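K.L.:
Below, each chain spelled out in residue letters.
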Amino acid sequence: MGDDIGVIHTEHIKKYYIMGDVEVRALNDITLDIYKGELAAIMGPSGSGKSTLMNILGCLDRPTSGIYKLGGELVSEMNDSQLADVRNRKIGFVFQSFNLLPRSTALENVMLPTLYSKNKRNAKQRAIDALEMVGLGSRLNHKPKEMSGGQQQRVAIARALINDPEIIMADEPTGNLDSKSGKEIMELLIRLNKEQGKTIILVTHDPKIGKQVPRVISVFDGMLGSEEEQAELKRWTDVNYSKLDGLKNDKAALADDHAADNIPAAAETGTEGAVAGLANVPETEPKQSEPVSETPEGETEEE
Amino acid sequence: MNITTLIKEAMNSITSNKVRSFLTMLGIFIGVGAVIAMMSVGQGAQNSITDSLSTLGTQTLYLTPGNFTENVRNAQNLTNDDIEAISRLECVEIAAPVVSSQSYTISQSNGKTANATVTGVVPGYRTVGNYDMMLGSFITQENIDSKEMVAVIGTEINESLFGAKNSSSIGETIRIMGQPYRVIGVLEEKGSTTIGTSQDRNVFIPLSTAQSRLMTRQKNTVSQASILVKSEYTLEEAQAAIESLLQERHGIFEGNPNDFTIMNVQEILNAVSSIMSTFTLFLGGVAAISLLVGGIGIMNIMLVTVSERTREIGLRKALGAKKGDILAQFLVESSVLSLVGGLLGIAFGLLLAFGIARIAAMTGTELHVSVNPVIILGATLFSIAVGLFFGVYPANKASNLEPVIALRSE
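If you're matching them up, the sequences are chains A and B in order. Going left to right, the first sequence walks through residues 1228 to 1530 as the working numbering numbers them. Going left to right, the second sequence walks through residues 1469 to 1878 as the working numbering numbers them.
A portion of the hints provided could be inaccurate.
[What the hints assert, rightly or not] List time: in silico SDA-like cross-link candidates among lysine to any residue, alpha-carbon distance up to 20 Å:
#	chain 1	residue 1	chain 2	residue 2
1	A	LYS1372	B	SER1484
2	B	LYS1476	A	LEU1328
3	A	LYS1347	B	ILE1475
4	B	LYS1486	A	ARG1442
5	A	LYS1370	B	THR1483
6	B	LYS1791	A	ASN1306
7	A	LYS1370	B	LYS1486
8	A	LYS1345	B	LYS1865
9	A	LYS1351	B	ASN1470
10	A	LYS1421	A	ARG1442
11	B	LYS1476	A	SER1344
12	A	LYS1351	B	ASN1480
13	B	LYS1865	A	ASN1306
14	A	LYS1351	B	LEU1474
Bear in mind the hints are in silico, worked out from the structure with no lab data behind them. Computed from a predicted model, the values in this text were never measured in an experiment.
Given the sequences, and given the hints that come with them, work out the whole structure.
P.N.:
Set out below in structure tokens:
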């Protein structure tokens, strides 16, 4: 990765909205690079600006100021029509609520982006291939309402793949699914990343997903989280979900995170929980393991 | 996106809500139907009027005594000599004087009677009036010269007196005002005139016989003359020549009103045509207002459709649809909606027109519906235009939606 420019490259992106007389700063100075073949999750609490960031990275919206280059093209200066073209060629979208056309079959839904594409050659065959890849080769002519949520989302992923985009943007892709289907969808996305080298950007507030991806981009108050905040988020997710069986520990851990310092016993168990949770971290992201393990210790020492 | 895909998508969306689409189409359906029916019936009526007028002949002038618009002092009648002088004019092919009177009761020895207009004619009248003979012959010059008591009768008179339209009645005797006339010919059937009087209830006798025996008050005067103008002269030229000749013969000075009237069939035809065209247009215009109302209905529904499908529009934009793609999609949808309504309306309108003609025929008025392909093509194009026009605002609204906002809406 190093110094070269990523497939997604932003410099000091800002996004302001005017709501009545008040100026709302949805994004404030975001500088970031996402490299080809990465699988990254944008995470943050609701209202943090992660959706705005996703919209801008997905070329659905333009930043108020700043530079955004997608695959070398200066997207931040494009007009609506050029943006539409970039979305069509370079980005595949997967949405939380699938957004399939209810009256069209799976095949027709997958072919939808080719209607707006210059490359219409073999559109049908490409759609069939995409559906086979997501494991729906036998359901080409089913309508969305005849399929389960997981299947619908796989149709949506096939639709995202048909124009062979550089980037797949998935906005809460498992948000409307039960945990089993959600897991399958995540496995599919990870497989696409590993086997086909697709750059995948997920937007989620599901910590479980945060744990599965190599890179987490956290957003707070319209800004990228600092090193500590990134770590905090990572630790928070670990504590919450690595110890699902120990409810008491969990609660304590949360209490610790929110600086409930007047209960030393709870703080102690919380620390234990956090440390136990961290056991998994080095496997996924070795770089961050050190600062993360330091932070909870530091906190407990202060108390 | 090519047009077939657009139309396919539009049909898909239209059929997805059948009841609503049908009700929306109904406005255009009724509008186009009314326009087609009114125009077809109006055109048919106009055609039948002008057709029957043109049987009077488009190279023919009608000369009658008297002036219908101005008072004339010492008005003179038209005499046989006047007509004689006219027939010698360079531009006149035939000048056929007639005398006619009120309807007479005609009887036959078997006791059957009929009422008929009896007209005294000359041989040239057959050409001028476009009469064909079914049996026997028309009045000849010999009949005129020797003031013979002979008659040529129409098919209906033949039927009334002798039992059937084509009865061989040549040589039989009929009585008009008690005077015996020998039938020498039966006319071919001609149908009714514009004003509804039958042309087959005529009885023609020689002019001289009529003037000297039947209508003795009209001795030497004629009640009308049909003048066939040579084809190399225009009606206007002939009219001017006849007018100056008669002014000279009747001693009418320049600027004084004429004591005769020359009617030009072409002028009448033109006047009637223009009146009927205006009337037809007026009917069509009234019907077109319902088309307008139908168009507003389409706009209304398209606006509802756009707000219902905000999410779909957002999705399409996210997947790369440009403003023009969305605009085209909704314009095609409203046009297809309107066009289907229009096509059904054309069928409905034609059905309605033929229905009206059928009812008219049952009540005794012959009416031939005239289906004008131009009007049908016009109605088709117009309904597409209505869809386009009233679709512009909703489609524009749809195409201007921001993908972000459209996707967010639930």
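K.L.:
For each hint, tell me whether it holds in the structure or not.
P.N.:
Here is how each hint holds up against the structure:
no. : hint                  : in the structure
1   : A:LYS1372 - B:SER1484 : holds, 15 Å
2   : B:LYS1476 - A:LEU1328 : holds, 14 Å
3   : A:LYS1347 - B:ILE1475 : holds, 18 Å
4   : B:LYS1486 - A:ARG1442 : violated, 50 Å
5   : A:LYS1370 - B:THR1483 : holds, 16 Å
6   : B:LYS1791 - A:ASN1306 : holds, 11 Å
7   : A:LYS1370 - B:LYS1486 : holds, 19 Å
8   : A:LYS1345 - B:LYS1865 : violated, 25 Å
9   : A:LYS1351 - B:ASN1470 : holds, 16 Å
10  : A:LYS1421 - A:ARG1442 : holds, 14 Å
11  : B:LYS1476 - A:SER1344 : holds, 18 Å
12  : A:LYS1351 - B:ASN1480 : holds, 19 Å
13  : B:LYS1865 - A:ASN1306 : holds, 19 Å
14  : A:LYS1351 - B:LEU1474 : holds, 17 Å
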